[in-house]
Amino acid sequence: MTGLMRRWLAHAIFALAAFATPLLLSGNRYFAFIAGITFFSVLWATGMNLLYGYTGLMPLMFGGIAGISAYVTIGLSANGWSFWLAMLVGSVAASLVGIVLGLPALRLRGFYFTLCSLVIQTVITLAFVYFVNLTNGDVGISHIPLPELPGGRQLAGTAYELVLATIAVIGVVVLTVIVESSFGRRLTAIREDDGLAETLGINVTRQKLAAFFVASLFASVGGALYAPYVGFISPRSFDVLLSLNIWVMVAFGGRGTIWGPVIGAVILAPVPFVLQDYYTIKDVVYGLLIIGVVVLLPGGIVGGVKRKGRADAPAAVAKQAAPVR
Amino acid sequence: MLEISGITIRYGPFLAVNAIDLRVNEGEIVGIVGPNGAGKTSLVKAIGGIVRPDAGRIVFQSRDLSDVPAHLRIGLGISIVPEGRGLFPRMSVEENLLMGGYALASAEEMARNIERCFALFPVLAERRRQAAGTLSGGQQQMLAISIGLMSTPKLFVLDEPSLGLAPIVIAEIGRTLRKLRETGLTVLLIEQNAKLTCSVAQRIYILTSGIVRHHDTADRVMASPEVLEHLI
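Just so you know, the protein sequences line up as chains W and P, in that order.
Quick note, our numbering runs 12 ahead of the 1-based positions in the first sequence.
Quick note, our numbering runs 3 ahead of the 1-based positions in the second sequence.
Hints may contain errors.
Stated by the list, open to error - Here are some of the chain P residues that sit facing chain W, going by a computed Cβ distance under 8 Å:
{"hint": "1", "residue": "Y14"}
{"hint": "2", "residue": "F17"}
{"hint": "3", "residue": "L18"}
{"hint": "4", "residue": "G51"}
{"hint": "5", "residue": "V54"}
{"hint": "6", "residue": "A58"}
{"hint": "7", "residue": "G80"}
{"hint": "8", "residue": "E98"}
{"hint": "9", "residue": "M102"}
Note that these hints are calculated values from the structure, not bench results.
Only a predicted model underlies this, so the values are computations on that prediction, with no experimental measurement involved.
Glycine included, each C-beta is placed from N, C-alpha and C at the ideal position.
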């Protein structure tokens, strides 16, 4: 019971911080914008955590699915749809497309799934470039109008960031509920040993599919909200680098824990803004960060802290926590 | 209960199992003994539906298993404890048992089976909240056996339960298996350890290079150790 209370206490603190940040930063649009981008990262990292942390799949088409949702939502809004309805349809559609594209990959495990998802991501990016009449190709779509609120006002500024904070908080709560449910336990069992899980009666492919759909919803809700927030999207907004950046946040913070990826996102999402004046070395810094995490903190920040806390755990368990599968 | 006829398994050009016939009657403990690479684990995987045999049939309780997918076989009553530790290392002992009973329909049966496993291996009850990966090797094997028993199986298949365990632990596994025999459970025991197998099983198949070389009662295999030595 105390564990349960402590768990939701952490959520309450996170929600408080999330809602306070845009209000505190409302005087400075630049900082508020960084906070907004960080909320996207929290949402996306949390969604990828469901797959990478709890199911043992590393989905490199994550960014592509966010992109499909963004393009569908923007396209429908441009044709007179309400943004919110368009977002709903776009998110579900993108997740369904993701499942169809992912079906062959979901039959694979570990490294082979990752490779296959990389190919799918590439195909999605190429499709964004190729279907010029739908996506405006490499030029991208700019001047994306802000979502309209009921009553005719536009969602803008601090209000937009508060919506993003809400979505991020909801995302973390949803993940927590899933992880503690029997569905979450099935996914963990698949991550630990999918052959054994199957022998024990779990339909592994179906469970992976369900996890993939839920995680894709995280990606696509974020994608739909991202487009009007930034005001400009192009195929490069949703390429493999986005997937990799989110993956780094999850691995850096600690996959397979609720708060690790949140911490990873909060620390890493602002880094590109901080390094803006040093853009030539930005990618180098990111690369070093990835290597550093894999070598020094195989369980991420939270995983590393946890392991220190229980020094009696044998090396076998520590080995299991290594991110390369 | 289990009838295997003419099972052949190939991995590319490599012939792992070559037209094996094998039969397990209800209430019986049958041992399969053979060295590394004899095709024992491939046979287990075929029974579990993880590997699709290239030829032959597996019939369980007069039902042909060839079109039954792996995750539905446990519902028919086939439970397999795989080679190595068949458990989820970063889940607690209790969660592992819950996963073992995943195919069960009733929560009552789940609770009853958990109690039975705890009675069989009291140490698991003491460590129910501990991560399975932090148990000792012997305790892990006890947990793996318990996971296999959780689904109330009709046929219990164990793949090398003695692998990597100390003699004293192997003796305990043997005692447990004899206890299970008294409850009338049908067991197929796959082992490299011929002594353990003969002490538990009624009939023994000796398997080398994917072929059944010898088939006899356990007593007679024990009585003529030169046959075993010659074959393995």
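Hint by hint, here is what the structure shows:
1. Interface hint status for Y14 of chain P: violated, as the beta-carbon distance to the closest one in chain W is roughly 16 Å, over 8 Å.
2. Interface hint status for F17 of chain P: violated, as the beta-carbon distance to the closest one in chain W is roughly 20 Å, over 8 Å.
3. Evaluation of the L18 of chain P hint against chain W yields a violated restraint, the C-beta minimum of about 23 Å exceeding 8 Å.
4. A cut of 8 Å between beta carbons decides the hint on G51 of chain P: the least distance to chain W is about 5 Å, and the hint holds.
5. Given hint, V54 of chain P at the interface with chain W, is violated; its Cβ is 11 Å from that chain's nearest Cβ, farther than 8 Å.
6. Given hint, A58 of chain P at the interface with chain W, is violated; its Cβ is 23 Å from that chain's nearest Cβ, farther than 8 Å.
7. The restraint placing G80 of chain P at the interface with chain W is violated, with a minimum CB-CB distance near 11 Å, outside the 8 Å limit.
8. Checking E98 of chain P against chain W: minimum C-beta separation of about 6 Å stays under 8 Å; hint holds.
9. Given the 8 Å rule on beta carbons, the hint for M102 of chain P holds: about 5 Å separates it from the nearest Cβ of chain W.
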